[in-house]
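Peer 1: As they're listed, the protein sequences go chains A and B.
Under my numbering, the first sequence has 298 at position 298, and the numbering climbs by one with no breaks.
Under my numbering, the second sequence has 331 at position 331, and the numbering climbs by one with no breaks.
Quick caveat, the hints were computed from the structure, so don't treat them as lab data.
Where hints are given, some of them may not hold.
Claimed, not checked - Mimicking DSBU-like on lysine-lysine, the simulated pairs with C-alpha atoms at most 30 Å apart in a straight line are: (1) A:K258 - B:K422; (2) A:K188 - B:K125; (3) A:K54 - B:K203; (4) B:K498 - B:K473; (5) B:K248 - A:K248; (6) B:K529 - B:K552; (7) B:K422 - B:K203; (8) A:K54 - B:K54; (9) B:K188 - B:K221; (10) B:K258 - A:K293; (11) A:K125 - B:K177; (12) B:K635 - A:K203; (13) B:K125 - A:K422; (14) B:K473 - A:K422; (15) A:K559 - A:K209; (16) A:K248 - A:K177; (17) B:K188 - A:K248; (18) A:K204 - A:K221; (19) A:K635 - B:K203; (20) B:K203 - B:K125; (21) B:K552 - A:K177; (22) B:K635 - A:K54; (23) A:K221 - B:K125; (24) A:K203 - A:K300; (25) A:K509 - A:K473; (26) A:K209 - B:K635; (27) B:K552 - A:K188; (28) B:K552 - B:K9; (29) B:K204 - A:K635.
Below, each chain spelled out in residue letters.
There are 2 protein chains.
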Amino acid sequence: MSSSSSSSKTIRRLEVQSPVPADIDIANSVEPLHVSEIAQSLNLSSTHYDLYGKYKAKVLLSVLDEVEGVGDGYYVVVGGITPTPLGEGKSTTTVGLCQALGAFLDKKVVTCLRQPSQGPTFGIKGGAAGGGYSQVIPMDEFNLHLTGDIHAITAANNLLAAAIDTRVFHESTQSDKALLNRLCPPNKQGKRSFADIMFRRLKKLNISKDNPDDLSPEEVKRFARLDIDPESITWRRVMDVNDRFLRKITIGQGPDEKGMVRETGFDISVASEIMAVLALMTSLADMRERLGKMVIGNSKAGEPITADDLGVGGALTVLMKDAINPTLMQTLEGTPVLVHAGPFANIAHGNSSIVADKIGLKLVGPGGFVVTEAGFGADIGTEKFMNIKCRYSGLTPQCAVIVATVRALKMHGGGPEVVAGKPLDHAYLTENVALVEVGCVNLAKHISNTRAYGVNVVVAVNMFSTDSEAELKAVRNASLAAGAFDAVICTHHAHGGKGAIDLGIAVQKACENVTETLKFLYPLECSIKEKIEAIANSYGASGVEYSEQAEKQIEMYSKQGFSSLPICMAKTQYSFSHIPSQKGAPVGFVLPIRDVRASIGAGFIYPLVGTMSTMPGLPTRPCFFEIDVDTATRKVRGLS
Amino acid sequence: MSSSSSSSKTIRRLEVQSPVPADIDIANSVEPLHVSEIAQSLNLSSTHYDLYGKYKAKVLLSVLDEVEGVGDGYYVVVGGITPTPLGEGKSTTTVGLCQALGAFLDKKVVTCLRQPSQGPTFGIKGGAAGGGYSQVIPMDEFNLHLTGDIHAITAANNLLAAAIDTRVFHESTQSDKALLNRLCPPNKQGKRSFADIMFRRLKKLNISKDNPDDLSPEEVKRFARLDIDPESITWRRVMDVNDRFLRKITIGQGPDEKGMVRETGFDISVASEIMAVLALMTSLADMRERLGKMVIGNSKAGEPITADDLGVGGALTVLMKDAINPTLMQTLEGTPVLVHAGPFANIAHGNSSIVADKIGLKLVGPGGFVVTEAGFGADIGTEKFMNIKCRYSGLTPQCAVIVATVRALKMHGGGPEVVAGKPLDHAYLTENVALVEVGCVNLAKHISNTRAYGVNVVVAVNMFSTDSEAELKAVRNASLAAGAFDAVICTHHAHGGKGAIDLGIAVQKACENVTETLKFLYPLECSIKEKIEAIANSYGASGVEYSEQAEKQIEMYSKQGFSSLPICMAKTQYSFSHIPSQKGAPVGFVLPIRDVRASIGAGFIYPLVGTMSTMPGLPTRPCFFEIDVDTATRKVRGLS
């Protein structure tokens, strides 16, 4: 192994044990490097980042302008086949692949991961730092608080929510004139003026006056009275806690709120549109504009009302100004990781941030690698990566990895239901090549769908100890037959980067041998329905069925001028279709669109295929029962 | 000025302008030092703190054990007279005094301040970093997010809230046996066991078995069924936003929550008991115990139910493990500041943290000064500082500063009502010595009340340009007559530390000339009512009147074994009495106790004198209209 790349100075060799210990024990067994060493391995100087303790640093967005670069590295996206409820190891594979590239193949590499929600960490799922010998460390810092980005999102989201209800309240008790007087109070000299942000609304209303006293009564009404229809408010409050009792609530029941009650609810913070904005913005100025144009509902006349109409777009940006910078961490083997954003993978696009990927691509430079993960199966995560994220970023991936497991393929081949928390059926623990072969229809469809974007596809088979040679061979054969560039067996969970060396080599070759250019699934100019139908078609649907509500919303968004946005399908991750029990590669189904919503600031329309829960709950015995601090060593115990 | 103290290396001289520019303009006109230089001035090595960007660092609690120290510095608390709604400049005086001590009198000094809530920053009040030429910088970082402590409190508070409702929900649908099975699930070998945290509940129940299978049916019921009375739940959710529509809400209206609706509400985050715990804990282990014993309500049988009964005390501690470390910042003149905790000053004790004060006292050492602020007037802040905070910390102050303004004294002398946002009456802008002299009765009572603790009192007259010589002289005379050690005119708002040199000298002399020992207002052993009456007596009340509800609660807390806790009065800050309009030093009133509540984890009982709002609202034009980021310079605009 040569040590020519500067990153190799941070490389740490793992002594792996068998059987693989618990994640937290592996994570705690390694002493992380000071993050400034990780930064140095990427040629970052201390002016390029802010430390947050010893093991985390925020890389400042300004490096995109300040760091000299000769070009970008290779861009690799990791998706998966349609998963079982246990997950097929996509994050773990992402980390393992990078450990292989950085620690064994002497490549410059940056892993781009999403920041996990704290809710599931204390609930059922546990953390999201990878697993086994492929993890981001310190895993407790990765899973909790990190550098406060989700907290900033919560604060901004809820400031906007408070601004909405308070504005409706104040408008209900004041005349147009009184409202204007309050909004533009006189200064000590008795002169009124507009706040800077008010000129955004004035411009939207085509009012070009710059003195509040010059407005006509009609203009006063149009400017000062947003006239929000309470029924139309789509903006909900958020909290980074699994609190099911907040899913549907009634607010405003205090005596001072004068009976202005309203039904609404809380989502988990990562479901906030502001999270999607963070993931899709490309600069501070771009974020400012996106936050300001987020639509929270309509006026009674049907006009969309934005955060800037409420005067709060600037304050939201101030709350988010540090969250804009990705967080640098490290893998168990000392390679760099950028953690940034973590939007929901159904009601949002489920990918980490554009700016983290861009910074990574610049820092690794030509011949280096940025590996970024896309949530859920490739039908959802990779599709949105291509058609939403790459469309906004202008970046082009060279290779898409699809993570598969023999377990999930057996399920797609007709194996019994897999249920989290229950023992696996015998079928999953003993050889059954036929089941695997039938199930590969799911993998094949993900491969051909992903190939259609013009990228090379490498299948990573995340190997379990119960997998047989014949089963693994069947997956490899099916992959190549379906058009994969390569298909590789990986053991990074048990062996760290060493277990993903073949995958790293395959990914490198795939990147070096691109023959096509990036092709989107649909052009932005076509109608909302045409775009929905293009995606449904890629799922295998024979048609699309719209509810009355969906039709109404599509018509409204088209009228409001939002029809040129990309589409973000909110669909189950457990099937290509809308029915979770339909495994394999179902065809001939009609995809039902129950409702259509929009994240105008983030920049997409999201049709709802079925009901999406945006606030998880806690079980009778949540993870938190195990979690504590050893007050003597200050180490966290029980995180999984 | 000698430069013998190492802190003098960080001292920066201000070029003051007249008239005094806006706070944000002064703050932005100074380039802060890297916080590692501030740390170095306190002889902290880089292992003693974690950087959070360039201008903030968390000082690790371990310095209390690790730093060699020969003894503590002087301990000074800053209180005030009964204020007008405009505030009399207590934070500004605290900062100005420290700038004088550190930058002009060559003393080692640490300022201890509370972290402000973000809610009012975007609402009416604006920030809380001091004002004029006496501020903490960078003021935007001070006022927003800081190092995430309040966000951690929000997360912990709301995890506990979710745990409560979810537990009630799961208990309502499961038998005792099913509950136990869920709480203690079998491992792969089919063996059940208790989680570590469950032994806390078992111990409380006097059950000494360590195998779930050995519990008798009666023991299963007692252990597994908390049987929380929903009506008794006092734990509310919190949010660091002024969101009045959350004051009273109905939760659980989603279809999956099966009609288990309940009325509750949100407080602003700084009102969380966890904030009071943070302010009063003395170590990580102490915090773990306090968080675990927080009482959230009662069982139907009337037993208090704690966070540890719910299995979540450890997880709360994990969420708070970084918040335990105070944040180091700097004043405009380069002296060090520790920002930590910020509990409400009525329903909680309104003082910054014990550990910040302790760290400060050790770092400044003998001859140095720690200046810490106590919220509201001395009847509230200083009283709680002495009887609650010093009781738990074991620390003894040498000097109490009482901040007074001619404006407020005129109000106490019978001047017209002072209303925030409205122009001041003529009486406050022209000389009126008689009004001041009459008003000094309020100051005199604060002085004698504070003297009674055995500390020397220095009055700081925060001078305004409209104050006359004769008025200022009247205040000084009245102060000395009431037993103050000294009374000094200060102009730190206009001149920075230079304007508080005389105050610094007076404080130094007061500290060097202590003749008494610390005396509390009441012993802990007396009854809840005796303690309430001792405090009421100090206000000037002739008696106390308890509502039926208050009587019931006092009886319950006494029965539950909580009667030896100190008392934290929730009273208006605008009068010694419970009636805000009673200025001066009213006597002969009967103090009504409407209700009595308890923060068992924090460690106090709080009687409610009148109604306390724990969730502010937003006006028609909140501060946020002015707040934005300059996307070119990345500077925050419009913060006040």
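Peer 1: Each of the hints needs a verdict: does it hold here or not?
Peer 2: The hints, checked one at a time:
Distance check on the hinted pair: K258 of chain A and K422 of chain B sit about 25 Å apart at the alpha-carbon level, within 30 Å; holds. Taking the CA atoms of K188 of chain A and K125 of chain B, the gap is near 18 Å; set against the 30 Å cutoff, the hint holds. Using a Cα cut-off of 30 Å, the hinted pair K54 of chain A and K203 of chain B is violated, with the two alpha carbons roughly 39 Å apart. Only pairs whose Cα atoms come within 30 Å are accepted, and K498 of chain B paired with K473 of chain B is accepted, the gap being roughly 21 Å.
For the proposed pair K248 of chain B and K248 of chain A, the alpha carbon gap of about 14 Å is at most 30 Å, so the pair holds. Simply put, K529 of chain B and K552 of chain B have alpha-carbon atoms about 12 Å apart, close enough for the 30 Å limit, and the pair holds. For the hint pairing K422 of chain B with K203 of chain B, the CA-to-CA distance comes to about 59 Å; that exceeds 30 Å, so the pair is violated. Taking the CA atoms of K54 of chain A and K54 of chain B, the gap is about 13 Å. The hint holds against a cut of 30 Å.
For the hint pairing K188 of chain B with K221 of chain B, the CA-to-CA distance comes to about 26 Å; that is within 30 Å, so the pair holds. Between K258 of chain B and K293 of chain A the CA atoms are separated by roughly 37 Å; this puts the pair beyond 30 Å, and the hint is violated. Taken as a hint, the K125 of chain A and K177 of chain B pair is honoured in the structure, with Cα atoms around 25 Å apart against an allowance of 30 Å. With a C-alpha separation of about 25 Å, the suggested pairing of K635 of chain B with K203 of chain A holds against the 30 Å cut-off.
Restraint check for K125 of chain B and K422 of chain A: not satisfied, since their Cα atoms lie roughly 54 Å apart, outside the 30 Å limit. In summary, the hint linking K473 of chain B to K422 of chain A is not supported, as the alpha carbons are separated by about 81 Å, beyond the 30 Å threshold. About 28 Å separates the Cα atoms of K559 of chain A and K209 of chain A, which keeps this hinted pair within 30 Å; it holds. For the suggested pair K248 of chain A and K177 of chain A, the alpha carbons sit about 36 Å apart, so the restraint of at most 30 Å is broken.
For the suggested pair K188 of chain B and K248 of chain A, the alpha carbons sit about 38 Å apart, so the restraint of at most 30 Å is broken. Between K204 of chain A and K221 of chain A the CA atoms are separated by roughly 14 Å; this keeps the pair inside 30 Å, and the hint holds. Between K635 of chain A and K203 of chain B the alpha-carbon distance is near 25 Å, which keeps this suggested pair within the 30 Å criterion. Distance check on the hinted pair: K203 of chain B and K125 of chain B sit about 47 Å apart at the alpha-carbon level, beyond 30 Å; violated.
With a C-alpha separation of about 50 Å, the suggested pairing of K552 of chain B with K177 of chain A is violated against the 30 Å cut-off. Our distance criterion of 30 Å between C-alpha atoms is met by K635 of chain B and K54 of chain A, whose separation comes to about 26 Å. A threshold of 30 Å between alpha carbons decides the hint, and for K221 of chain A with K125 of chain B the separation of about 28 Å falls inside it, so the pair holds. Pair hint K203 of chain A plus K300 of chain A holds up; C-alpha atoms about 20 Å apart against a cutoff of 30 Å.
Using a Cα cut-off of 30 Å, the hinted pair K509 of chain A and K473 of chain A holds, with the two alpha carbons roughly 21 Å apart. Only pairs whose Cα atoms come within 30 Å are accepted, and K209 of chain A paired with K635 of chain B is accepted, the gap being roughly 28 Å. Between K552 of chain B and K188 of chain A the CA atoms are separated by roughly 52 Å; this puts the pair beyond 30 Å, and the hint is violated. Annotation: proposed proximity of K552 of chain B to K9 of chain B is violated, straight-line Cα distance about 59 Å (limit 30 Å).
Between K204 of chain B and K635 of chain A the CA atoms are separated by roughly 26 Å; this keeps the pair inside 30 Å, and the hint holds.
Comparing the model with each earlier hint shows violations of hints 3, 7, 10, 13, 14, 16, 17, 20, 21, 27 and 28; every other hint is respected.
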